[in-house]
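In order, the protein sequence lines correspond to chains F and X. Residue numbering for the first sequence follows numbering that gives the first Met the number 0, starting at 0 and increasing by one per position. Residue numbering for the second sequence follows numbering that gives the first Met the number 0, starting at 0 and increasing by one per position.
Because the hints were derived from the structure by calculation, they are not lab data. Keep in mind that the hints are not guaranteed to be accurate.
Straight line, CA to CA, 20 Å or less: simulated SDA-like cross-link-like pairs of lysine to any residue [claimed, not checked]:
1. X:Lys-140 - F:Leu-34
2. X:Lys-140 - F:Lys-152
3. X:Lys-118 - F:Arg-64
4. X:Lys-140 - F:Val-162
5. F:Lys-181 - F:Arg-197
Reference excerpt, derived from the structure (chain X facing chain F, CB under 7 Å, subset only) [unchecked claim]:
6. Thr-11
7. Leu-17
8. Ala-22
9. Trp-27
10. Gly-28
11. Ala-47
12. Leu-51
13. Glu-93
14. Leu-108
15. Ser-109
16. Arg-110
17. Gly-114
18. Pro-151
19. Thr-154
20. Met-156
21. Leu-166
Chain X residues, not near chain F, derived (Cβ > 10 Å throughout) [to be verified]:
22. Lys-1
23. Ser-25
24. Ala-33
25. Glu-34
26. Lys-63
27. Thr-86
28. Glu-87
29. Pro-103
30. Glu-105
31. Glu-125
32. Asp-126
33. His-134
34. Asp-135
35. Lys-140
36. Thr-148
37. Ile-159
The C-beta atom is built at its ideal place from N, Cα and C for all residues, glycine as well.
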Amino acid sequence: MSAHRAQPEESQRDEATLQHARVRELVAAFADGELVREESREVEEHLRTCAGCRRELALQQDIARALSREPTPGASVSLRRRIGWVGEPERSPSRRWSWSWATAAAAMVAAIFAGTLAVMHPGVPDRAPGEIPLLRDALADCSRVMGRNFPRKADLAALSASVPFPVRTLVQPDAELFSTWKTTLAGAPAAGLAYRWRGIVVVQYAMATEMIGREPEVARALSGGGFYTAVHSAQSVVAVLEGGSATVVIAETSPEQLRRLIL
Amino acid sequence: MKEEAKRASFQTTTLPYLNRLVALASRWGDGQEAEDYVQETYARAWMAFHQLRDPASAFPWLCKILRTVANERRRTVARRRDLVFITELENAHEELVASDQPSPLEQYLSRLEAGSLRKALQSIPEDLAEAVELHDLHGLKYREIAQVTSVPIGTVMSRISRGRQLLAGLLKREDEAEAPAFRRAE
């Protein structure tokens, strides 16, 4: 009789053990938001009663967060120049390619864009972003704070109180604000904010709306409620007017991705 | 004129990823070697640009080309400098999960110097390190990593999970041993 009673208990224990093992396999994907709704629900339910899996979740999140903050090397000026030649018809036999480049180069062509390429949305800008004082200062400030690995504080309340315009943060839930600072762009106060977003750093500058009016190309692009979009070296620059202030966002991603982040 | 338009489209689509590709290339080579891989990647990407259907997929597409270039060119696979015993790391990870701390890694991570965790990826198996790096450092989605590495998405899931577990085990082990693999910030 007792053997008969033990069977369902054993079976329940086996099932719980199997579920625990299965959930443990899914915890990393759960932390990364990669599970379908049904699987997420199963993990959430299991986490309520399993301290071990909760610790595993914390561990997975901590490692992912710590890695996303790690500094990474960037392209040298020389590489940027060489990449800039891709697709351009070859002009000079004296141009030097490195080992792996030489064979491809013969078949390819050379010499294009000279550092800055701007793409307006809508329309075409008259000046490249590096020549527009407001954006030139924003790019320089961005480069400066990145070089110093960003101010080590993220105090949105203090930053908002220190500038005479509203500071709106980016709304995407996976954009993590990790640094704030006050700066000056084209002679006027601006608020700087840095986020980690999908493995990259996104820098946002908020400023008074009238700042945009001083730059004809940017103002024209924004006049119909649209975006100003440009690419400067490896960085995309997007400007938009929203919530009583102007916002300029800079990151090493495509302009389309950056616009999505702002929306 | 048509060629000009193609070049402009190529630049707008690929150039924003230049720094991220150099960062990724640094897992296979240092300095000039990494930049050579990236340069070759752009050359091949230009020639195959007509095959890129969706500009939003440009980064994983470039990653896949870079990975092929690096695998072809690498003279040695001995970049796993400090490969350590897996079972030892697995045990250390299990101890962390069995501890009574809600965030068992907090104390170890707070003492790390910038760059040391990324460097520690060299101490775990290549396929696990690659998946973790593509996701956590370079922001690729699981689906994109599956495309880049040509493995099923379930394998990506398992590699990321296991890779982070081994890194966690490594953190604990190094902290206890006060070994130099993780240099601590003052």
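Cross-check of the supplied hints:
Restraint check: the Cα-Cα separation between X:Lys-140 and F:Leu-34 comes to about 12 Å, which is no more than 20 Å; the hinted pair holds. For the suggested pair X:Lys-140 and F:Lys-152, the alpha carbons sit about 29 Å apart, so the restraint of at most 20 Å is broken. With a C-alpha separation of about 15 Å, the suggested pair X:Lys-118 and F:Arg-64 falls inside the 20 Å cut-off, and the hint holds. Note on X:Lys-140 and F:Val-162: the hinted pairing is violated, with a Cα-Cα distance of about 37 Å set against a maximum of 20 Å.
Taking the CA atoms of F:Lys-181 and F:Arg-197, the gap is near 25 Å; set against the 20 Å cutoff, the hint is violated. With 7 Å as the threshold, the beta carbon of X:Thr-11 comes within range of chain F, its nearest partner Cβ sitting at about 6 Å, so the hint holds. Among the interface hints, the one on X:Leu-17 holds; its C-beta lies about 4 Å from the nearest C-beta in chain F, closer than the 7 Å criterion. Because the smallest distance between the Cβ of X:Ala-22 and any Cβ of chain F comes to about 3 Å, under 7 Å, the interface hint for this residue holds.
The beta carbon of X:Trp-27 is not positioned within 7 Å of any beta carbon in chain F (closest approach about 13 Å), and the interface hint is therefore violated. For X:Gly-28, the interface hint is violated, since its Cβ never comes within 7 Å of a Cβ in chain F; the closest pair sits about 11 Å apart. The beta carbon of X:Ala-47 is not positioned within 7 Å of any beta carbon in chain F (closest approach about 11 Å), and the interface hint is therefore violated. A least Cβ separation of about 12 Å between X:Leu-51 and chain F goes past the 7 Å threshold, and the interface hint is therefore violated.
Of the supplied interface hints, the one on X:Glu-93 is violated, with its beta-carbon coming no nearer than about 9 Å to a beta-carbon of chain F, more than 7 Å. Here the hint on X:Leu-108 is kept, as its CB sits about 5 Å from the closest CB of chain F, short of 7 Å. With a least beta-carbon distance of about 10 Å to chain F, the hint placing X:Ser-109 at the interface is violated under the 7 Å criterion. A distance limit of 7 Å between C-beta atoms decides the matter here; for X:Arg-110 the minimum to chain F is near 11 Å, and the interface restraint is violated.
The interface hint given for X:Gly-114 holds, since its Cβ lies 6 Å from the closest Cβ of chain F, which is under the 7 Å cut-off. The beta carbon of X:Pro-151 is not positioned within 7 Å of any beta carbon in chain F (closest approach about 13 Å), and the interface hint is therefore violated. Because the beta carbon of X:Thr-154 sits about 12 Å from the nearest beta carbon in chain F, more than 7 Å, this interface hint is broken. A distance limit of 7 Å between C-beta atoms decides the matter here; for X:Met-156 the minimum to chain F is near 5 Å, and the interface restraint holds.
Evaluation of the X:Leu-166 hint against chain F yields a held restraint, the C-beta minimum of about 5 Å falling below 7 Å. Distance check on X:Lys-1: its Cβ is at least 12 Å (rounded) from any Cβ of chain F, clearing the 10 Å threshold; non-interface status holds. The beta carbon of X:Ser-25 is not kept farther than 10 Å from every beta carbon of chain F, the shortest such distance being approximately 5 Å. Non-interface call for X:Ala-33 relative to chain F: violated, since the shortest CB-CB distance, roughly 7 Å, does not exceed 10 Å.
The Cβ of X:Glu-34 sits about 5 Å from the closest Cβ of chain F, inside the 10 Å cut-off, so the non-interface label is violated. No beta-carbon of chain F is positioned within 10 Å of the beta-carbon of X:Lys-63; the least distance is around 17 Å. Chain F leaves X:Thr-86 outside its interface by the beta-carbon criterion, the shortest separation being 18 Å against a cut-off of 10 Å. With a minimum CB-CB distance of about 17 Å to chain F, X:Glu-87 clears the 10 Å threshold, and the non-interface call stands.
Not every CB of chain F is more than 10 Å from the CB of X:Pro-103 (nearest about 6 Å), against its label as outside the interface. Listed as a non-interface residue, X:Glu-105 fails to keep its Cβ farther than 10 Å from every Cβ of chain F; the least gap is roughly 7 Å. Every Cβ of chain F is farther than 10 Å from the Cβ of X:Glu-125; the closest lies at roughly 16 Å, confirming the non-interface assignment. The beta carbon of X:Asp-126 is kept farther than 10 Å from every beta carbon of chain F, the shortest such distance being approximately 15 Å.
Under the 10 Å C-beta cut-off, the non-interface status given to X:His-134 relative to chain F is violated; the minimum distance is some 7 Å. Once the 10 Å rule is applied to beta carbons, X:Asp-135 is inconsistent with being away from chain F; the minimum gap is 4 Å. For X:Lys-140, the shortest C-beta to C-beta distance to chain F comes to about 7 Å, within the 10 Å cut-off, and the non-interface label is violated. With a least beta-carbon separation of about 15 Å from chain F, X:Thr-148 lies farther than 10 Å from that chain, consistent with its non-interface assignment.
Listed as a non-interface residue, X:Ile-159 fails to keep its Cβ farther than 10 Å from every Cβ of chain F; the least gap is roughly 5 Å.
Going through the hint list in order, the structure does not satisfy hints 2, 4, 5, 9, 10, 11, 12, 13, 15, 16, 18, 19, 23, 24, 25, 29, 30, 33, 34, 35, 37.
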